[in-house]
Amino acid sequence: MILNDLVQIKTKELAARKKVTLRCCMAAGCMSSDAKGVKEQLENAVAQAGLENDVEVRGVGCMKLCCEGPLVQADPQNSLYIKVTPENAPAIIAALHGGTANIPQADPDAAFFKNQLGIVLANSGVIDPERIESYITVGGYEALHEVLREMTPRDVVETMVGSGLRGRGGAGFPTGLKWGTVAKSPGAKKYIICNADEGDPGAFMDRSVLESDPHSVLEGMAIAAYAVGADQGFIYVRAEYPLAISRLQLAIKQAKQLGVLGSGIFESPFNFTVDLRIGAGAFVCGEETALMASVEGKRGTPRPRPPFPAESGLYGCPTLINNVETFANVPPIYRNGAEWFAGIGTEKSKGTKVFALAGNIKNTGLIEVPMGTPLRTIVQEMGGGAPGGAEIKAVQTGGPSGGCIPAQHLDTPVDYESLGKLGSIMGSGGMIVMDDSTNMVDVARFFMEFCMDESCGKCIPCRAGTVQMHNLLEKILKRKATRRDLEKLEELCDMVKNTSLCGLGQTAPNPTMSTLRFFRNEYEALLQPDKYGPGGNGDTNRQPAAEAK
Amino acid sequence: MAAKTLTIDGKSITAEEGATVLQVAEEAGIKIPTLCHLEGIYDVGACRLCLVEVVGVPKLLPACATKVAEGMEINTDSERLRKYRRMTLELLFAERNHVCAVCVSNGHCELQTMAYSLGMDHVRYEYLFPKWGVDTTQRLFGMDHNRCILCTRCVRVCWHIEGAGTKNVSGRGTKSHIITDLNMPWGESVSCTQCGKCVQACPTGALFHKGSTAGEMERDRGKLEFLVTAREKHQWVVAV
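In the order they appear, the protein sequences are chains D and B. In terms of the working numbering, the first sequence is residues 1 to 549. In terms of the working numbering, the second sequence is residues 1001 to 1240.
Chain D on its own, in the form it takes in the complex (with noise of 0.2 Å):
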């Protein structure tokens, strides 16, 4: 292989491309809602219609819009078809010859497209994620041919620091940085992990990141590998995603098989192979520690850090762990320059993040939108707002381990650091959009009880302290819950947070810690009077008078 094939192959794509393109969303939303039925019967519309040297009709990715599912674009008319059923397909195929078909529409050109800026989800909704061609056709594996030919290692870390990327895994630590230390860490063995366990409620960018390109996350890999040293892959995936581990298998082959994985790519010394391995449905399995483990074949449970990953990792060789969408980032800032990465965004956090648009709101589905970008904007013009006219209450973010912002601090820009100062995280990217109706505490409650049945049970205020907070949580849902029991609930969070092992118990307090900040009035109303405090039964200093009335 080398860049001369690659020039190959995307001449070749591009010659073999038809006038008319059918893009048919072949993510798990819209394969759930039958989207395999609508691509054969627009496949069959077309052969009926004789239209095979014409029209292509391409699976591709997600199309962001997955409320709307199964979704249909035509190019070049820009019509994107929305709820296609299978027996809409001949309809479709006759308005490519102008007219319009009796099927709903979305505008490509509204709110939630325009302010959409592609780095992670560029190709997605537009390549075939499961033909390499495909890929290369965007410019695919040019930037590992750049940096394996062009690029010592050392150039490589150093672009990636200077473009400021940060881990999109939630804590946001530059990525130059940690590829810099694993490369300085001593070891002729070092190990690449992919982290694809994600696994809080109401989030799915990086399932559909894999769905959509998987080849990008591979280039990513590859070139991360060549910076630190490694030549060994895992991507941690969690079972749960089986179109996201078939296609991933996939691409893995086709990417064997051209020869940009494998041993001497593009003809340079480097070596790089990478392995599946499947997670078993393990929440705590997305901390690096406990990640490891679980790759090891040990029970995923997590260990103190230090040693850090980057020290001593996967069998105690120096590691390099990214998330998804982090590798995704890779290749487009090696093909564009890190000037070009830096210029999006804010001072501090670059480029753009994709979020999971979940709960109650009109269009939910995945966005990809520049670092800094007002909440408001994301929740109210590009979501549509709260459906049936209700008011927003609050955008949690972050999971199980973030907060919830109230709709008083829309205005937020959405970077590490804002986010961090109401109380929230940034976290992998899941946005719950919650409305007036909803029960702050009982959305406490949600998360209390995600983290004690996640929690791997090793250190004791994790394990036993979420099961605490959660009873005490329930009491308070239940009116039965006192303010001494509000008081042990803060002590306890307080307690848990300071002193579990891992991310997931020192976060667990987090989203009742962040409704206890904004919502405490909630909390109050549901209070009873103590026993033996102010007006209780067993308050001796009880007016006898108030009684005999």
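By construction, these hints were calculated from the structure, which means they are not laboratory data. Some hints could be false.
Unchecked claim - Derived lysine to aspartate or glutamate pairs resembling EDC-like cross-links, with alpha carbons at most 16 Å apart:
1. 1175/B <-> 449/D
2. 19/D <-> 52/D
3. 1083/B <-> 494/D
4. 189/D <-> 231/D
5. 497/D <-> 1053/B
6. 480/D <-> 530/D
7. 1083/B <-> 52/D
8. 1175/B <-> 487/D
9. 1067/B <-> 311/D
10. 253/D <-> 130/D
11. 12/D <-> 133/D
12. 10/D <-> 128/D
13. 1083/B <-> 449/D
14. 298/D <-> 1181/B
15. 362/D <-> 435/D
16. 1011/B <-> 1070/B
17. 362/D <-> 391/D
18. 488/D <-> 1090/B
19. 1067/B <-> 1027/B
20. 480/D <-> 1126/B
21. 1011/B <-> 1073/B
22. 475/D <-> 490/D
23. 1083/B <-> 491/D
24. 1059/B <-> 435/D
25. 475/D <-> 530/D
26. 488/D <-> 1126/B
27. 475/D <-> 1073/B
Stated by the list, open to error - Just the calculated beta-carbon pair ranges, DEER-fashion:
28. 439/D <-> 1012/B: 51 to 59 Å
29. 1014/B <-> 528/D: 53 to 61 Å
30. 1236/B <-> 275/D: 28 to 36 Å
31. 480/D <-> 1212/B: 52 to 60 Å
To be verified - Just so you have them, the derived chain D footprint on chain B, three or more residues with Cβ under 8 Å:
32. 1036–1049
33. 1090–1103
34. 1123–1134
35. 1170–1176
The structure presented is a predicted model; accordingly, all values stated were derived computationally and were not measured. Beta carbons: idealized from backbone N, C-alpha and C, even for Gly.
Put chain B on the given structure of chain D with help from the hints.
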């Protein structure tokens, strides 16, 4: 090996490189409470009782799993740490069915002693009263899950010192429990060598010699230390 100087609770101390804060503190006569730590087996930092404050580090660090560094300023005893430690114990007592009066280890129990020494005089949390069983299928030993605190000493001693790998943890969260082989009755285990090291390692009355009744179960920790000393220092001596 370079020596490191540091201060623990205001006391200046020199330590060997690579030593843990817990080891150094113990050498200096400073007692840090522990439950999952056991001399001779590797540490996991799970019980969180040995958490200490290190000046300049925002997070609390487990003394058993933190290596000493030059110039470290460590605080092992503050109002905050005492409070957290008491709460940790309260959580443990509320989690399973710890009834000292009918326990084989009454009077020789590390959990009980820890509660006394840290001033945990009552439990403010709701007792969960879970339903756990007792495994008495083994010829010599028994396992009462009601008294288990999941310190995993038995697991580690079984893998690390005996090398049998019989004990392990199954389930997650508060449903975690110690299992034998592939979650079979202990008596049916094929890998168990009946060495009894797990019983010697257990801090509470969860693992016991069959036939012992309330308060009778005393452990011989010296046996484990003897083995570790023999293995690591090649000295076949009994520690006094």
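Structure-based check of all given hints:
Distance restraint check for residue 1175/B and residue 449/D: the Cα-Cα separation of roughly 14 Å lies within the 16 Å cut-off, and the hinted pair is therefore satisfied. For the suggested pair residue 19/D and residue 52/D, the alpha carbons sit about 10 Å apart, so the restraint of at most 16 Å is met. Using a Cα cut-off of 16 Å, the hinted pair residue 1083/B and residue 494/D holds, with the two alpha carbons roughly 11 Å apart. At roughly 8 Å between alpha-carbon atoms, residue 189/D and residue 231/D fall within 16 Å of each other, so this suggested pair holds.
A hinted pair counts as satisfied when its Cα atoms are at most 16 Å apart, and residue 497/D with residue 1053/B qualifies at roughly 15 Å. The suggested pairing of residue 480/D with residue 530/D holds, with an alpha-carbon distance near 10 Å, which does not exceed 16 Å. Among the hinted pairs, residue 1083/B with residue 52/D is inconsistent with the structure: their alpha-carbon atoms are about 75 Å apart, more than 16 Å. Pair hint residue 1175/B plus residue 487/D does not hold up; C-alpha atoms about 27 Å apart against a cutoff of 16 Å.
A distance of roughly 15 Å separates the Cα atoms of residue 1067/B and residue 311/D; the hinted pair therefore holds under the 16 Å criterion. The hinted pair formed by residue 253/D and residue 130/D meets the criterion: a straight-line CA distance of about 11 Å does not exceed 16 Å. Distance check on the hinted pair: residue 12/D and residue 133/D sit about 9 Å apart at the alpha-carbon level, within 16 Å; holds. Simply put, residue 10/D and residue 128/D have alpha-carbon atoms about 14 Å apart, close enough for the 16 Å limit, and the pair holds.
Distance check on the hinted pair: residue 1083/B and residue 449/D sit about 25 Å apart at the alpha-carbon level, beyond 16 Å; violated. Of the pairs offered as hints, the one joining residue 298/D and residue 1181/B holds, with about 15 Å between alpha carbons and a cut-off of 16 Å not exceeded. For the suggested pair residue 362/D and residue 435/D, the alpha carbons sit about 11 Å apart, so the restraint of at most 16 Å is met. Only pairs whose Cα atoms come within 16 Å are accepted, and residue 1011/B paired with residue 1070/B is accepted, the gap being roughly 14 Å.
Annotation: proposed proximity of residue 362/D to residue 391/D holds, straight-line Cα distance about 12 Å (limit 16 Å). Between residue 488/D and residue 1090/B the CA atoms are separated by roughly 12 Å; this keeps the pair inside 16 Å, and the hint holds. For the given pair, residue 1067/B sits about 15 Å from residue 1027/B by alpha-carbon distance, which is consistent with the 16 Å threshold. As the CA atoms of residue 480/D and residue 1126/B are separated by approximately 13 Å, the hinted pair is consistent with the 16 Å bound.
With a C-alpha separation of about 9 Å, the suggested pair residue 1011/B and residue 1073/B falls inside the 16 Å cut-off, and the hint holds. As the CA atoms of residue 475/D and residue 490/D are separated by approximately 14 Å, the hinted pair is consistent with the 16 Å bound. Note on residue 1083/B and residue 491/D: the hinted pairing holds, with a Cα-Cα distance of about 10 Å set against a maximum of 16 Å. Distance hint between residue 1059/B and residue 435/D is unfulfilled; the C-alpha atoms sit about 36 Å from each other, more than 16 Å.
Between the alpha carbons of residue 475/D and residue 530/D the distance comes to roughly 14 Å, so the proposed pair stays at or under 16 Å and holds. In summary, the hint linking residue 488/D to residue 1126/B is supported, as the alpha carbons are separated by about 11 Å, within the 16 Å threshold. For the suggested pair residue 475/D and residue 1073/B, the alpha carbons sit about 42 Å apart, so the restraint of at most 16 Å is broken. Distance hint check: the CB atoms of residue 439/D and residue 1012/B are about 55 Å apart, consistent with the given range 51 to 59 Å.
At about 57 Å, the CB distance of residue 1014/B to residue 528/D agrees with the hint of 53 to 61 Å. Between residue 1236/B and residue 275/D the beta carbons are some 46 Å apart, a value that contradicts the proposed interval 28 to 36 Å. For residue 480/D and residue 1212/B, the Cβ-Cβ distance of about 42 Å falls outside the hinted range of 52 to 60 Å, so the restraint is violated. Beta-carbon proximity to chain D at under 8 Å applies to 5 residues in the region 1036–1049 of chain B; the threshold of 3 is reached and the given coverage holds.
With 4 residues having a Cβ less than 8 Å from any Cβ of chain D, the region 1090–1103 of chain B passes the three-residue criterion, so the hint holds. Check on the region 1123–1134 of chain B: 4 of its residues sit with their Cβ under 8 Å from a Cβ of chain D, so the three-residue criterion for coverage holds. As drawn, the region 1170–1176 of chain B meets chain D at 6 residues by the rule of a beta-carbon pair under 8 Å; at three or more, the given contact holds.
Going down the numbered hints, you'll see the structure goes against 7, 8, 13, 24, 27, 30 and 31, while the others check out.
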